[in-house]
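Protein chains: 2
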Amino acid sequence: MQIIITGGAGFLGQRLAKALLNSSLAFDELVLVDVLMPTSPGADSRVLCQQSDLSAEGAAQNLVTSRTGLLFHLAAVVSSHAEHDFDLGWNVNLDITRLLLEACRHQRPGIRFVFASSLAVYGGNLPALVTDSTAVTPRSSYGTQKAMCELMVNDYSRKGFVDGRVLRLPTICVRPGRPNQAASSFVSSIIREPINGELASCPVPPELALWLSSPAAIIENIIKGATLSGEDFGGWRTVNLPGIGVTVQQMLDSLERITSPETRARVQFRPDPAIDAIVSSWPGAIDNTRALQLGFRVDSHFDQFITQFISNNQA
Amino acid sequence: MQIIITGGAGFLGQRLAKALLNSSLAFDELVLVDVLMPTSPGADSRVLCQQSDLSAEGAAQNLVTSRTGLLFHLAAVVSSHAEHDFDLGWNVNLDITRLLLEACRHQRPGIRFVFASSLAVYGGNLPALVTDSTAVTPRSSYGTQKAMCELMVNDYSRKGFVDGRVLRLPTICVRPGRPNQAASSFVSSIIREPINGELASCPVPPELALWLSSPAAIIENIIKGATLSGEDFGGWRTVNLPGIGVTVQQMLDSLERITSPETRARVQFRPDPAIDAIVSSWPGAIDNTRALQLGFRVDSHFDQFITQFISNNQA
Ligand SMILES: NC(=O)c1ccc[n+]([C@@H]2O[C@H](COP(=O)([O-])OP(=O)(O)OC[C@H]3O[C@@H](n4cnc5c(N)ncnc54)[C@H](O)[C@@H]3O)[C@@H](O)[C@H]2O)c1
Ligand SMILES: NC(=O)c1ccc[n+]([C@@H]2O[C@H](COP(=O)([O-])OP(=O)(O)OC[C@H]3O[C@@H](n4cnc5c(N)ncnc54)[C@H](O)[C@@H]3O)[C@@H](O)[C@H]2O)c1
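As you go down the protein sequences, you meet chains L and V in turn.
Position one of the first sequence corresponds to residue 1 (our numbering), numbered consecutively onward.
Position one of the second sequence corresponds to residue 1 (our numbering), numbered consecutively onward.
One thing to keep in mind: the hints can contain errors.
If we take Cβ atoms under 8 Å as the criterion, some of the chain L residues that face chain V in the derived model are [claimed, not checked]:
# : residue
1 : F27
2 : S133
3 : V136
4 : R139
5 : M152
6 : R158
7 : K159
It is worth saying that the hints were derived from the structure and are not from the lab.
Don't be surprised by glycine CBs; every beta carbon is placed ideally from N, CA and C.
Model the full assembly from the supplied sequences, consistent with the hints where possible.
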């Protein structure tokens, strides 16, 4: 069986590939495809790296073949980027998903199709606790595109064209590397940069509640999402992956506790209304019940997000 | 100012055109556009009828010009039709909406864009009373496409590319004419055909609750949706137009009361699981509070649906 990861050069794509190679899942080929040439996360002959703009004519169509058994669709343009480049956002976030679903429908109907959605589908006036039955009213083009894809994956699943699984990811913290064009980029910056001895600015007020997952939990949960049976999901294939609610203040308290007051002091508050508008429209708490029933796992405490980052950073 | 109605040859398009011509709304041109050549609903020099497949290259783009001030987007492929012809449904229901939004964005940003959505965006396990904050989990491709368009119109509105209004229509009863390819077609048939002396079959059980609006109320409400100010809608442009909840049994009781037992006896129950699956996934009751606050109007009793039909039928 062949597994495909779109966005295979990205943050999650690389980590997912590594985790799959180390997992007990049986497959004979793992294709990493991305508009940026992916590198193989390990010396494993099963890995095939492909550079391809999936919005290009025929690219998605040629990617899926009768050998494909599982597709993780992670390729995306992140939130602030999609907000600034409106056309690119629609093209990558909506059109590529549709092209891939069509490719599955015609080349290999019924394959497992794991779609990475986001809590950014929520927005506006939300209840204190968001649940699976809360309406999605996104306040960003990124959230809109993800919400539209969720609906599309569900309809293709209902029709039997794919065996879809829509996983709504919490905000991920701590992402290694450099800041990116996600509106939530600061969530990692305010932990990562101080630990690396750099200054960081926080564009939102300390009391803002965020809904977070660690990279390790996300990767485990994405694989879980692929290995559950379709029936486990019932009639609706969308699930909010579990997260924990933390305020910016609590994050900085953790940082100070685990590192030092000097490290904490490298974070300064510099309000940015554009970022604030997007991020504060996201839920601060989501009901984890269904996800936990399905067997997804949740992080325990924000302190461990920091220790996880520090130990990976040193590795 | 020019007004455009897409789906202008359709049931609602024709009635809306007639109502606009008789209204106090000021405009100098009313374009009816449809893949079937529309006829003018009155001898009025302001009416321009255009035959155009809006999915064709350039058609949507050329439709909207700097003179356009208001666009009613009603063109669609209805529920059972979109369920049977999957590609056509996506093409007409999703792609044309996007092409029209793009046309507005580029030719005449900020114009009023009224989109006819449907209660079919709801589906699955619904609460007894559906509200604006109930998640949409459609169980048909039609509902999926409408739900995706709703999100898109909201995002284009947030960006200021259009001044969008998304109106979720209840099931309309009594539609004159012949049965169509809507899954809800029987809802009109079981009243219309007996009154016209014909037999009708009902594919769902008598206890099924439907959420209905009369054609007259719908047309008034569509015009209301166009004349409200954008701010009235607040941050989210989607509204459930008001309806009344009636069971099939209550409809038939009304029919017998207003006509005769002989007329009522022309309806026979013939279960159709495919129709039942779609229609019974729709809500039987929706909270009208927000719609009524916005000034939309609601029908009073199902008896009047029948008398409205009979008097129009004789006119
Ligand atoms: N909570 C959240 O909001 C959240 C958090 C993390 C990730 N996600 C989702 O998870 C997925 C992976 O996220 P990530 O953090 O790894 O993002 P990332 O930006 O690191 O990776 C996305 C990859 O998609 C690739 N890509 C973009 N356009 C492409 C195209 N036209 N053709 C092929 N590839 C293209 C990029 O080059 C990039 O490598 C994304 O879909 C993202 O939206 C959501
Ligand atoms: N409760 C509901 O579900 C509900 C009820 C009624 C109407 N609606 C919506 O209201 C709108 C109007 O409904 P109606 O009852 O008048 O339907 P209708 O079928 O009578 O009219 C739709 C029109 O769209 C036209 N059309 C289809 N494809 C086209 C294309 N490619 N280019 C141009 N025109 C095209 C058709 O020819 C038709 O005349 C639709 O969007 C419908 O989905 C929803």
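The hints, checked one at a time:
1. Checking F27/L against chain V by beta carbon gives a least distance of about 30 Å; that is not within 8 Å, so the hint is violated.
2. The beta carbon of S133/L is positioned within 8 Å of a beta carbon in chain V (closest approach about 5 Å), and the interface hint is therefore held.
3. The closest approach between the C-beta of V136/L and any C-beta of chain V is roughly 7 Å, which is under the 8 Å cut-off, so the hint is satisfied.
4. The interface hint given for R139/L holds, since its Cβ lies 7 Å from the closest Cβ of chain V, which is under the 8 Å cut-off.
5. A distance limit of 8 Å between C-beta atoms decides the matter here; for M152/L the minimum to chain V is near 7 Å, and the interface restraint holds.
6. With its C-beta approaching chain V no nearer than about 7 Å, R158/L sits inside the 8 Å limit, and its interface hint holds.
7. Among the interface hints, the one on K159/L holds; its C-beta lies about 7 Å from the nearest C-beta in chain V, closer than the 8 Å criterion.
The structure is inconsistent with hint 1 alone, although it conforms to all the rest.
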